[in-house]
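Engineer: Sequence:
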Amino acid sequence: MREFVYAAGLFAVATMLGCGRSIEGTATATDPDATNAKTLEGTWTGSYTCAQGATGLTLTVRSPDRAEFEFYPLPENPTVPNGRFAMQWHTEPTRFVFRQTSWIDRPGSYRMVDLIADRTDSTTILTGTVTGEGCTTFWLSRDLT
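Each residue of the sequence shown is one higher than the last, beginning at 63 in the working numbering.
Per label pair, the in silico range of CB-to-CB distance:
#1 206 with 170: 28 to 36 Å
#2 138 with 101: 28 to 36 Å
#3 125 with 166: 13 to 21 Å
#4 130 with 157: 15 to 23 Å
#5 187 with 138: 16 to 24 Å
#6 171 with 206: 32 to 40 Å
#7 170 with 136: 15 to 23 Å
#8 101 with 143: 26 to 34 Å
#9 196 with 125: 27 to 35 Å
Just so you know, the hints here were simulated from the structure itself, not pulled from any lab data. Beta carbons: idealized from backbone N, C-alpha and C, even for Gly.
I would like the entire structure built from these sequences, with the hints used as guidance.
Structural biologist: Shown next, in the form of structure tokens:
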């Protein structure tokens, strides 16, 4: 009987100390990062501004960590060429970070950029900063079709 009480006490202490928790960084069904990442998946359309001026942007977010950045001319800036590059992304406590990886279709001497998106409660609007020479911000809305 004494061994049973001792074993039950060890189980209670192990439970209180967190034994059985998921390994840090592993997504679980209740992990807020996994939930936020899942709601980010899909196609987002809008624009961004860099040295060439206002530019069309379609960001296709895939799970678990891949995305595609496609840019193109807008009516107000018709001389921008078309281009595409691959990205990797991850979540942080207050933002989503998209990092350039490789060109898919590079026009001339264009350079890839990174995106830092603000984490908000919105599931239809994504805004943030474009990190690249001469760049400022971006604005995207979820393609619901």
